Amino acid sequence: MFLFLLCLVSLLQIMTINMMTMCKQTQTLPNVPLSIGGGHSHNLLDVLNVHRQKDKVVIVMGATGTGKSKLSIDLATRFPAEIINSDKMQLYEGLDIATNKISPQAQRGVPHHLLGVLDPNADFSADDFCGVTCLAVESILDRDRLPIIVGGSNSYIEALIDGYDKMFRSRYDCCFLWVDVSLPVLQSFVSDRVDQMVENGMVEEVRQFFDPNADYTKGIRRAIGVPEFDDFFRNGPSLDEETRALLLEQAIIQVKDNTCKLACRQLEKIRRLRNKGWSLHPLDATEVYRKRGKEADEAWDRLVSGPSSVIVRQFIYNVKAEVPTNLTAIRVPAAMETAALAAATY
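Using mature numbering (1 follows the signal peptide of the UniProt record, and there is no 0), the letters of the sequence shown correspond one by one to residues -19 to -1, 1 to 327.
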């Protein structure tokens, strides 16, 4: 019996290492300070328990402006969790207003990974994202916390979930939350949000990144809100005040138009993924955006945050009844670990 267990452990250890190696393959990324501290180790149960439950990962999706970041924070304050950013522009350092990064205050103490960590001029591919995200997920799970991946770059999410011969799906059990807002209501909201971003200093922020020889197809300069101001920054200083104001107005209109187009593309992509067979939990937040103040907050709790918490609780514990709010064993049930250790020392 003892020799059989030793052979089983050796075989499963080889299989586990091979699987993790495939998941963590990525291009070399020099000088990228990723906030995924902590080493990775495999305990006995990881290699001994053939039928162990998959590790849990929550993925929050939705078009720009729908409240994905807010929902991820709500969930991370109700369950011990850490957040991984999957917005390709928010990965870069700088342009916090233009890329609409969540502020440290709004993060409410929840650890965030892959947020503002890349050099503004760096190239970063979907494959790079998959590699560093696998590392971040494992690091979070090693701390017995729930990884929540959130962002609007659905091409990155699709590459992560369906790429690498679907290795991510084979290792992790994924719960997809889709925050949806009707397009006319959302377009009105994002238009108002651009005005607020301008009021908060977006133009001056983007001006600091202006380079007449810049390539708007690389790095953070691909972000909406950067190329639209090129004409204003390039020609504005030599024009009279009225013409300069007109150029600024045109740039802001372009930012609004391009943001609305982005929301349409993101929504189409999510629907395509749903038709592809992805099991998404839709959460209609349209009513939230039709209200203001306390009524909007109440609608958010009732229609989005509350239902999401129920879905995640059921997902984590595999039950529909009320459960404790602490996640003492996201990776494996303690009873299962005790049984495995007892068998190993038999």
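Incorrect hints may have been included.
Claimed, not checked - Capping the alpha-carbon separation at 25 Å, the derived lysine-lysine pairs in PhoX-like fashion look like this:
#	residue 1	residue 2
1	237	250
2	37	257
3	275	51
4	275	147
5	147	199
6	37	275
7	250	147
8	257	147
9	257	242
10	272	237
11	51	272
12	51	199
13	272	257
14	275	242
15	257	35
16	199	257
17	242	199
18	35	199
19	37	272
20	199	37
Rather than coming from a laboratory, the hints here were simulated on the basis of the structure. Treat the numbers as computed from the prediction; the structure is a model and nothing was measured.
Results for each hint:
For the hint pairing residue 237 with residue 250, the CA-to-CA distance comes to about 20 Å; that is within 25 Å, so the pair holds. In summary, the hint linking residue 37 to residue 257 is supported, as the alpha carbons are separated by about 22 Å, within the 25 Å threshold. For the suggested pair residue 275 and residue 51, the alpha carbons sit about 16 Å apart, so the restraint of at most 25 Å is met. Between residue 275 and residue 147 the CA atoms are separated by roughly 43 Å; this puts the pair beyond 25 Å, and the hint is violated.
Taking the CA atoms of residue 147 and residue 199, the gap is near 28 Å; set against the 25 Å cutoff, the hint is violated. Proposed proximity of residue 37 and residue 275 is contradicted: the alpha carbons are some 33 Å apart, above 25 Å. A distance of roughly 19 Å separates the Cα atoms of residue 250 and residue 147; the hinted pair therefore holds under the 25 Å criterion. The suggested pairing of residue 257 with residue 147 holds, with an alpha-carbon distance near 14 Å, which does not exceed 25 Å.
With a C-alpha separation of about 22 Å, the suggested pairing of residue 257 with residue 242 holds against the 25 Å cut-off. A threshold of 25 Å between alpha carbons decides the hint, and for residue 272 with residue 237 the separation of about 22 Å falls inside it, so the pair holds. Distance check on the hinted pair: residue 51 and residue 272 sit about 17 Å apart at the alpha-carbon level, within 25 Å; holds. Simply put, residue 51 and residue 199 have alpha-carbon atoms about 29 Å apart, too far for the 25 Å limit, and the pair is violated.
A threshold of 25 Å between alpha carbons decides the hint, and for residue 272 with residue 257 the separation of about 34 Å lies outside it, so the pair is violated. Proximity of residue 275 to residue 242 is assessed by CA-CA distance (about 30 Å); at most 25 Å being required, the pair is judged violated. Between residue 257 and residue 35 the CA atoms are separated by roughly 22 Å; this keeps the pair inside 25 Å, and the hint holds. Proposed proximity of residue 199 and residue 257 is contradicted: the alpha carbons are some 30 Å apart, above 25 Å.
Proposed proximity of residue 242 and residue 199 is supported: the alpha carbons are some 20 Å apart, at most 25 Å. Taking the CA atoms of residue 35 and residue 199, the gap is about 37 Å. The hint is violated against a cut of 25 Å. Restraint check: the Cα-Cα separation between residue 37 and residue 272 comes to about 34 Å, which exceeds 25 Å; the hinted pair is violated. A threshold of 25 Å between alpha carbons decides the hint, and for residue 199 with residue 37 the separation of about 34 Å lies outside it, so the pair is violated.
Of the numbered hints listed earlier, those contradicted by the structure are 4, 5, 6, 12, 13, 14, 16, 18, 19 and 20.
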